[in-house]
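With these hints in hand, go ahead and build the complete structure from the sequences.
Residues per chain are reported as follows:
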Amino acid sequence: MRKSVLIVEDEPFILEALSFLLKRERLKVSTFTDGKGCVEYIQSTKPDLVILDMMLPNRSGMQILEDLRAMDAFTSLPVLMLTAKGQKKDRAAAEQAGVSLFMTKPFANKEIIQNVHRLLGK
Amino acid sequence: MLSFNILVAICLIYVTMLFIVAAIAEQSALKNKLNFLHSPIVYTLSISVYCTAWTFYGAVGSAARNGLEFLTIYLGPTLVFIGWWWLLRKLVRIGNTQRITSIADLISSRYGKSNLLAVVVTLLAVIGSTPYIALQLQSLSLSFAVFTQTNANAPSPAITAFLIAMGLAAFTVVFGTRNLDANERHHGVVTAIALEAIVKLVALLAVGIFVVWFVADGPSEVLINAEKMLPEATGAFTPRWVTLTFLSATAIICLPRMFQVVVVESDAEKHLATASWAFPLYLFLMCLFVVPIAVTGLEILPEGSNPDLFVLTIPLAMGQESLAALAFLGGFSSATSMVIVAAIALSTMVSNHIVLPLWLRRTQARNPESDDVRSILLRSRRISIVGILGLGYLYYQFTGGTSALASIGLIAFLGVAQVLPALLFGLFWRNASRSGALAGILVGFTVWAYTLFLPSFDGSFILSSETLQSGLFGLSTLRPQALFGINISDPLVHAVFWSISLNMLAFITLSLTTTPKPLENLQALQFINVFGRSSQHHMLSQISTSEDLFVLAQRIVGRAQAGRLFEEKAREQGKLYGLPDPTSEFIVTLEREFAGSVGAATAHAMMGQISGRETVSVEELIAVADETAQVMEYSARLEKQSKELAATAKELRRANDKLTKLSQQKDDFLSQVSHELRTPMTSIRSFSAILMSNDDVDRKQFARFSSIINDESQRLTRILDDILDLSFLESGKVKLNLHRKNLGEMLEQSIISSRSSFNASKVDIRLSEATSDIILLTDADRLTQVFINLISNAIKYNDKPKPIIKLDVDEQPNGVIVTVSDNGPGIPEGDSEIIFEKFSKLSSGGALSGVGLGLSICAEILRNLGGSISFIPSRSGATFEVWIPTKT
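If you read the protein sequences in the order shown, they are chains A and B. Numbering (our numbering) for the first sequence: 1 to 122. Numbering (our numbering) for the second sequence: 1 to 888.
Among the clues, some could well be false.
Said to hold, decoys possible - The list that follows gives simulated cross-link-like pairs (lysine-lysine, DSS-like), each with its CA atoms no further than 25 Å apart: (1) A:K110 - B:K700; (2) A:K88 - B:K666; (3) B:K806 - B:K741.
Keep in mind that the hints were calculated from the coordinates and are not lab data.
Rendered as C-alpha cells:
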C-alpha cells in the first residue's frame, strides 16, 4: 500500500516541484492550493502526511494546523510545515501548535525527501 | 448709747478709709510698688469675703437656735481648701490661661464658648445672689436699728437699707469699674476687702474675748453653760450635716463672689498654698467664739432677744459702747465686702454675657463704629452694679422682716450650687458636653425652685399650699417636699438630694448621647489638660489613643505609610499584633513625620489637638497660615510643572507610538521581502537540483523545468528592482527629471509597452479623444511607469474573453484626471483599502498574482509628482483614477 501525501501550497511552481519529487519516490500525491476548505479536504482524504505551506490565501497554515490538532483523528497526523518567512517566532508558534517538522524555503530536495520518509515511518 | 449720727460718722470715716486704702492700692498696683499687695496673705484675707454678715451675726444666732450645726458652714470650705486644693489650683490655672472673668465665663468657655450657657449661669447667679444681698442689707439695717432703738429721729430700717445700698453701689462703681483690665483684677477692691477681713476678725475676736473673760468667768464656765443652754446638737454625719457641709463646700467654689476672689482676682497660683492652711485658720478663728457668745447671750440677755444680734447686744448690754461699735464695724465690713464683691462679679457677668451681646447685635445692624466698646462696657457694668444692688434692695423690701430671709442664705446657696456638676465634670470629664451642662443646670434649677425656693414662701407665691400638700395636679408623686413618694423630713436635704441627683443624671445622660462640636472638644481638652503644658510628654501619652493617632496618620501620610509606621513601632515595642502604645517618644516621631507632609506648625497643632496637649496659639495659627500659603504656592508651581511634564510625556508617547509603528512596519516589510524573495528561489533551487540529478527527467520535463527556472529568475530580478525602486522613492531622494511632455503621447507609449510585455494583442485598449493638446511639466518616465503598471495590471488580471481597457482624460482647471478602467474581475470590496500597501496580495489573487509592489510604487511616484492615485469602486471591473496637477 503506497503512502499518500497531501501538499497544500499556493505557489504553482513550488507545488509542481514537490509533486514531482514525491511522485518519483512512489508516493501517492494529492494537492490543495487554498486555506479555505483544506481541513475538510484532509478529513475526507485522510492522507498519511501533510506538507503545509504557512502563507495560504484565506486561511493560514498555522490555523489549519491548530484545527487539525483539535480533532481526535488528527492529533498524531504528521504535518510538515513549510514557510518562506524564516522568522523565529513562526517556528515557535508552529511547534507550540504541534507541528511534526518545520522547514524553511528554499529547501534542499534531498532533505525534504528524507524528512517525508522519516515522518511516514519508513 | 451711741447716737445714730455718731454711728453714721463712724461708718463714713471707715468707708473713707477704705476708699483711701483702695485708691492707694490701685495706684501702687499701677506702678508695681507695694509688694505686700501681691502677698498670699492679702489673697487669703480676700477669700474671707466668704464670711458675710450672715456668718458674722448669723453663726451666733444659728448656734443659739440649732446648736453646733453652724460649724458645717465652716467645715465645707475648710475641707475644700485642705483636701481639694488641687481642684482650686486647676480652676486658678484655667482662669489664668483662659482669661476667665467669671464663673459664667468659665462654664461657657468650657462648653465651646456657648453664650446661651453663659446667660443661663448668669441668670442663675443673679437669682441666687439677690436674696443674699438682701440678707446683707437686712443685717446692716438691723444692726443700725440696735443702736437706734431709742432714737425717734432715726430713719426707718428701709431707708437705712436704701442708703447703704446706694453707698455700696457708689463704692463698687468707683473701684469695681475703674479700669477694664483683661483679667478683671481689682487691686483696690481686693485690698479694701482684705482690710475688712481683718476688721471683722478682730471685732469678733474682741467680742469673744470680752464675753469669755469679762462677762463669763473664763472658758470653763462657758463650757458648763454650753451644755446647759445649747440645744441638743444633732450629731455629725446626719443627713443634714452632710448636706450643709456639701452646700458650704460648693459655695466656696460656685458662688460668684467666691469665684471672683479665688480665681479671677488670683495673682499667683502659689498663693493657694498659703491659703490652703491660712484660710481654714481664719475660719477657725471666726468660729472660735461663736458658741461662747451664743451661750452667754442666751444666759444674760432677756428671753426673746434676737440671737442673730448677740454680737452687738452683749457689749451694749454690758455698757461697752466702743466694743459694740467695733462689733458693728465688723458686721458692717462683712456685709459690705460681700455686697461689693458680689456686685462686681455679677455685673461682670451681666454686662459681658447679656448686655454686651445684645448691644453688639443691635449695633451691627446700625453703625458698629458709632460707639467705643470700652465705654459701653464700663457704662453697662456700672448700670449692672446699680441694678443688682437695686434688685437686692427690692428683694429686701419685698420680704423684709419676714422669717423667710433667715433661711434664705441656704436656699440661695443651693440655687447657685446647680452649676457644680457642669463645673466639676467639665474639669475632669472629656465627654462632658454643652447640651449636658445646659440640661443639668436647667433640670437642677427647676427642681430647686420646685422643691425648695417656691415652698419657702409657704404657699403665698406661685405654689399654693394645696399643691404643697398634695402635689402638682394632685399627683402625690409630685409633692414638692416629698418627690416620688420618698419622704425626707428635712426640706433642704430633700431639695439638695433631688436637685443635684437629677441635675447630674440629665447632665451625664445628655453628655453621653450628644456629640460635641469641635470647639467644645478643643476647649474640653484645654480645660482638662490645663497642666499639660509643663509635663507635655507625660500628658500626651495619657490622653491620645493609638486609634486616634492612627486615623490622623492615615489622613496625613496615607494608608500605606501610616500602616508601615505603626507596624514598625509595634514591632519595636515587642507587640506581635495591634497598634503600638502611644508613648511620648512615638508621638514626637509621628509629629515629625506629619511635619513632612503638612508642615511643622500644622502637625504640631494637629497633634496638640488630638493628644489634648495644649492650646493652638495665635503664633501657631499664623505659622499654619504661612505654611499653607507656601504650600499653595509650591503646589501651584508643581501643578504647572506637572502640566508641562504631561504635555511632554504626551508628545513622547506619540513619538514612541510612531516609532513602534514604524519599527513594526519595517519588521513586516523585511518579513514580506524575505517571503517574496524566497518563493521564486525555492522553485529555482528545487528544479535546478532536479535537473542536476539528471536521473529520469525526460526532455519535455527538462524544457519545462528550465523555463520555470528562467521565469522565476526574472521574477526575482523584478522583485529586487521594485523593492529598490520603492525604497528609493520612499526615501524622498528622488531627483525628478521635469520636462514638458504631451500626455497623449505618454499614454500611447504606455499602451504599446504594456501590450508588448504581455503579448496581449487581442486586448481592446481604448484611449479617449482630445488628449493630444494637453502638455504637462512632469517626469515623463515616472508617469509612464504609473500608466504601464495600471494597464499591465488591467491586462494581467483580466479573465474575460474580450478584455477591454479604457483610458479617459478629464482636464481640470489646475490638473488632469486620467482614469484607467477595465472589465476584469475587479477588486473584492474588503481588499480595496489595502491595495496600495506594500506586498498586498489580493485574497483571490491566484497564480497570476504579482509581487504586490506595483501599486505602492505608483502611489509613491505620484506622491513625488505632487499628484495622487485612488481606487474608484465600481460595479464591474477595476477603476483607478490618477490625479496630476498642472505645473505652470
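Results for each hint:
| no. | hint | in the structure |
| --- | --- | --- |
| 1 | A:K110 - B:K700 | 23 Å, holds |
| 2 | A:K88 - B:K666 | 16 Å, holds |
| 3 | B:K806 - B:K741 | 21 Å, holds |
In this structure, every one of the numbered hints holds.
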